[in-house]
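There are 2 protein chains.
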Amino acid sequence: MEKMTVTFQLSLATIHHQFYSHSMIIVCVCVYVCLCLLPGGFISTVCCLILKLVSFQNVGAINFFCNYEESRGNYLVDVDGNRMLDVYTQISSIPIGYNHPALLKLMANPNNLSTFVNRPALGILPPENFPDKLTESLLSVAPSGMTRVQTMACGSCSNENAYKAMFIWYRNKERGHNIPSDEDISTCMINQAPGCPDLSILSFMGGFHGRTMGCLATTHSKAIHKLDVPSFDWPIAPFPRLQYPLEEFTRENAQEEARCLEEVEDLIVKWRQKGKPVAGIVIEPIQAEGGDNHASPNFFRSLRNIARKHGCAFHVDEVQTGGGCTGKFWAHEHWGTDDPADIVSFSKKLLTGGYYHKDELQADKAYRIFNTWMGDPSKNLFLAEVLNVIRRENLLEEVTRSGKALLNGLYELQAQYPGILSRARGQGTFCAIDICDDATRNSILLKARDKGVLLGGCGDRSIRFRPALVFKEYHVHLFLNIFNDVLAQHK
Amino acid sequence: MEKMTVTFQLSLATIHHQFYSHSMIIVCVCVYVCLCLLPGGFISTVCCLILKLVSFQNVGAINFFCNYEESRGNYLVDVDGNRMLDVYTQISSIPIGYNHPALLKLMANPNNLSTFVNRPALGILPPENFPDKLTESLLSVAPSGMTRVQTMACGSCSNENAYKAMFIWYRNKERGHNIPSDEDISTCMINQAPGCPDLSILSFMGGFHGRTMGCLATTHSKAIHKLDVPSFDWPIAPFPRLQYPLEEFTRENAQEEARCLEEVEDLIVKWRQKGKPVAGIVIEPIQAEGGDNHASPNFFRSLRNIARKHGCAFHVDEVQTGGGCTGKFWAHEHWGTDDPADIVSFSKKLLTGGYYHKDELQADKAYRIFNTWMGDPSKNLFLAEVLNVIRRENLLEEVTRSGKALLNGLYELQAQYPGILSRARGQGTFCAIDICDDATRNSILLKARDKGVLLGGCGDRSIRFRPALVFKEYHVHLFLNIFNDVLAQHK
Numbered sequence: 001m002e003k004m005t006v007t008f009q010l011s012l013a014t015i016h017h018q019f020y021s022h023s024m025i026i027v028c029v030c031v032y033v034c035l036c037l038l039p040g041g042f043i044s045t046v047c048c049l050i051l052k053l054v055s056f057q058n059v060g061a062i063n064f065f066c067n068y069e070e071s072r073g074n075y076l077v078d079v080d081g082n083r084m085l086d087v088y089t090q091i092s093s094i095p096i097g098y099n100h101p102a103l104l105k106l107m108a109n110p111n112n113l114s115t116f117v118n119r120p121a122l123g124i125l126p127p128e129n130f131p132d133k134l135t136e137s138l139l140s141v142a143p144s145g146m147t148r149v150q151t152m153a154c155g156s157c158s159n160e161n162a163y164k165a166m167f168i169w170y171r172n173k174e175r176g177h178n179i180p181s182d183e184d185i186s187t188c189m190i191n192q193a194p195g196c197p198d199l200s201i202l203s204f205m206g207g208f209h210g211r212t213m214g215c216l217a218t219t220h221s222k223a224i225h226k227l228d229v230p231s232f233d234w235p236i237a238p239f240p241r242l243q244y245p246l247e248e249f250t251r252e253n254a255q256e257e258a259r260c261l262e263e264v265e266d267l268i269v270k271w272r273q274k275g276k277p278v279a280g281i282v283i284e285p286i287q288a289e290g291g292d293n294h295a296s297p298n299f300f301r302s303l304r305n306i307a308r309k310h311g312c313a314f315h316v317d318e319v320q321t322g323g324g325c326t327g328k329f330w331a332h333e334h335w336g337t338d339d340p341a342d343i344v345s346f347s348k349k350l351l352t353g354g355y356y357h358k359d360e361l362q363a364d365k366a367y368r369i370f371n372t373w374m375g376d377p378s379k380n381l382f383l384a385e386v387l388n389v390i391r392r393e394n395l396l397e398e399v400t401r402s403g404k405a406l407l408n409g410l411y412e413l414q415a416q417y418p419g420i421l422s423r424a425r426g427q428g429t430f431c432a433i434d435i436c437d438d439a440t441r442n443s444i445l446l447k448a449r450d451k452g453v454l455l456g457g458c459g460d461r462s463i464r465f466r467p468a469l470v471f472k473e474y475h476v477h478l479f480l481n482i483f484n485d486v487l488a489q490h491k
Numbered sequence: 001m002e003k004m005t006v007t008f009q010l011s012l013a014t015i016h017h018q019f020y021s022h023s024m025i026i027v028c029v030c031v032y033v034c035l036c037l038l039p040g041g042f043i044s045t046v047c048c049l050i051l052k053l054v055s056f057q058n059v060g061a062i063n064f065f066c067n068y069e070e071s072r073g074n075y076l077v078d079v080d081g082n083r084m085l086d087v088y089t090q091i092s093s094i095p096i097g098y099n100h101p102a103l104l105k106l107m108a109n110p111n112n113l114s115t116f117v118n119r120p121a122l123g124i125l126p127p128e129n130f131p132d133k134l135t136e137s138l139l140s141v142a143p144s145g146m147t148r149v150q151t152m153a154c155g156s157c158s159n160e161n162a163y164k165a166m167f168i169w170y171r172n173k174e175r176g177h178n179i180p181s182d183e184d185i186s187t188c189m190i191n192q193a194p195g196c197p198d199l200s201i202l203s204f205m206g207g208f209h210g211r212t213m214g215c216l217a218t219t220h221s222k223a224i225h226k227l228d229v230p231s232f233d234w235p236i237a238p239f240p241r242l243q244y245p246l247e248e249f250t251r252e253n254a255q256e257e258a259r260c261l262e263e264v265e266d267l268i269v270k271w272r273q274k275g276k277p278v279a280g281i282v283i284e285p286i287q288a289e290g291g292d293n294h295a296s297p298n299f300f301r302s303l304r305n306i307a308r309k310h311g312c313a314f315h316v317d318e319v320q321t322g323g324g325c326t327g328k329f330w331a332h333e334h335w336g337t338d339d340p341a342d343i344v345s346f347s348k349k350l351l352t353g354g355y356y357h358k359d360e361l362q363a364d365k366a367y368r369i370f371n372t373w374m375g376d377p378s379k380n381l382f383l384a385e386v387l388n389v390i391r392r393e394n395l396l397e398e399v400t401r402s403g404k405a406l407l408n409g410l411y412e413l414q415a416q417y418p419g420i421l422s423r424a425r426g427q428g429t430f431c432a433i434d435i436c437d438d439a440t441r442n443s444i445l446l447k448a449r450d451k452g453v454l455l456g457g458c459g460d461r462s463i464r465f466r467p468a469l470v471f472k473e474y475h476v477h478l479f480l481n482i483f484n485d486v487l488a489q490h491k
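Note that the protein sequences, when read in sequence, are chains S and H. No gaps in the numbering here: position 161 of the first sequence is 161 in this note's numbering, and each next residue is one more. No gaps in the numbering here: position 454 of the second sequence is 454 in this note's numbering, and each next residue is one more.
No wet-lab data here; the hints were simulated from the structure. Careful: at least some of the hints might be erroneous.
In this list, chains with the same sequence are indistinguishable; a pair is considered to hold if it fits within one copy or across any two.
Stated by the list, open to error - List of simulated lysine-lysine pairs, DSBU-like, C-alpha gap at most 30 Å:
1) 173 with 309
2) 328 with 309
3) 133 with 105
4) 365 with 451
From just these sequences and the hints, can you work out the full model?
Below, the structure written as structure tokens:
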């Protein structure tokens, strides 16, 4: 790194929790003014910016400030001009790298201006090109068996509304598709059953599905996400804890998966007896925030069958796995089934949130799944172009190639540094590796950044790799060399 | 209307609920193809588009498709070229009209390109100009007593996260700001108390705060919003049912407000005894979706005091009232107090969602209020420019002037058509009037549209007026004339 910004910034981040009271904010502003008056060069722009922001926001999670204008492809540039190979891509949400020429060109087209300037209420007054743009973008990559899609503004809203769709579907089934009773109508207004029924969603320990209150009841990744927020008494199943590489432990892993599937069935029965039947099961194809936990195609196919057997909807959350990073457009395509799910939600690399669903999961009336914006057509515009680039540049093949090189490189490093690394795993470039402990993990993340590589953590002590789809074999080797240097320092 | 689109489109909307099965979709596509092959002119573009969309989305709420390129200022143009005076503005979310030159100019500035093309994870890697853009935009209109702001992608996410901030604040108080216990940490992972505590938010009958599951537990506007979705057992207070014009019924209205305030205190006590203490109270300054229900400044000041007395946070939801439409930037400014709230949430006319909060409502740790995008800097860019326009063109004064003309006009029409109209009410241009019954209301909305005025309903039988801030007295008179014509047909 050209300037000694990171350490100072991190220490600020750790003390920022003190900055609550007005007096502390005044102290903070004074420090900021003093620092900015010092001769330039010593105190970095990053420090000045963080001291500005701390007066009106929590900055505890800020890594640094970026110069997005100067960032290109796989390289993120910070405000001090440091250029980093980005293997984290804004928590896995930049599909084809920074400032891709195709997206810049789209912005230069005057025909697109109006889409950015006039954001419509899509549910009531969509623009003329809305059906075509959906067809070009989201519908052109619809999961198998799904012809319907609903856009939403972010990942959490997508899952919240997918859950609602499952509840509505389940209750309509229970009612025999008759109109709701007067009691349904009157009780729902005051949050009581039967109008607001005691239904549940079954989720998995280690899962992450967002942070709004419905989603949060199915999120079980870290305590900090959930602490102090009221929740629902919904069933939580164990997610298989597999041994890696998967192909070397097939027998042990199959046993572990069978144990989890059995527990799922038990929970469904138990919650039905409790009077809180499971309307839907939600799962990630690879648990991401929870520590990059994989399961076999057979596990997911069996789970899908269990859902069908017990009359629960099956919701696959592809917010982090979707968009090509596993080498297929959707991670569930690796399961080898034509009927992977009833609902598939997405966001991040898709640039818009939303969910696909089967015909029967369509709410039976307008205004049941609804809000003011229901997405943003300007994001559909970008997505259509991103998909063009993915096809034109065969990026899924690139991901498969780069992913193989990355995973092989991780295996080699793991053999070389057995005291530090373990459990290398991945699909496409969606890879991860465990570090011996949390402190070493964090030290490695910082040292890598000092050497020009931006990485992210997940779970208790994993590093996750989330490059853009334009991350080539060349970038893999660049990364592996630097990672090797960092590890050598820790040996 | 130039073409006979609306009636046909509406009939389609009513039958669309049948279009669930694959076979019905095939029928629908066949109808679409046949219609499109007919000689042009008879079947409108709108019909063709809706038949396209019905194959992959619920279209029951679609009014028509728009040509946003050709829309200007207060005038929305549909795909058939019909030009309508827009008094609804995308459910109150277009602040300064369609295609405002200032926003088009902003798009033409190449320095802004990168902000649109590279959406950052704002919570970890904000752009260099992020603190300055927040200062120029949201912080320049911060409510009294609030110096901190958190952006979010939409109104529901804003309220969800505001609720979380209140829960976190409340539990930290309860813990004496000590670190959470091991039991807190372990129980929260499985959705159980004390980690996921039995806290509640007090809301009001008729209120609307969004449709994700936390928000929805505080929404009590229409059954269709809530039916079949599990909810929380949270207290719901009556919202004053006042008589209009407010100044003619001060004594009766004060009594009604006192009754509601008493009930609020009773509920707070009752829910504390139930073991589900009220962490926060949420209310709209004018209940919008619920039927444009007003209350007096004294009511809100008293409620704010009740919240303080009982140790509850006070959350004012300005998603629909914020942004200038009441003649002040925030509707709560009409209350005449320096300390209106602990949290104020916004979205719609602010173009980005989010909430302001007092210092003490700041979450004590990073990653407690967090998600991937945490808003969208491109929306802050637009908002800064919108605020410039509001100041430069004195739009709040314009709104006050137009609002007076509008309300006076509604009073006159109400006197003229006492069998149809009643309860004209409003603040700024945020006005409404009741129609004798639901069927007449809907017929009036359709007839107004046929005559080139786009209006929206709210509550059981109200019409709400939600023009942009550029709606001048000239437009008021234009609207009143047409409205008069429509009413004359119903007399």
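Right, here's what the structure says about each hint:
For the identical chains of this complex, residue 173 and residue 309 are intra-copy neighbours only, at 15 Å inside a copy versus 47 Å across copies, given an alpha-carbon limit of 30 Å. For a Cα distance limit of 30 Å, the shortest separation of residue 328 from residue 309 inside one copy, 28 Å, qualifies, whereas the shortest one across copies, 57 Å, does not. In this assembly of identical chains, residue 133 and residue 105 lie within 30 Å of each other by CA distance both inside one copy and across copies; the values are 17 Å within and 25 Å between. Within a single copy, residue 365 and residue 451 get their C-alpha atoms only as close as 55 Å, which misses the 30 Å cut-off; across copies the closest is 28 Å, which meets it.
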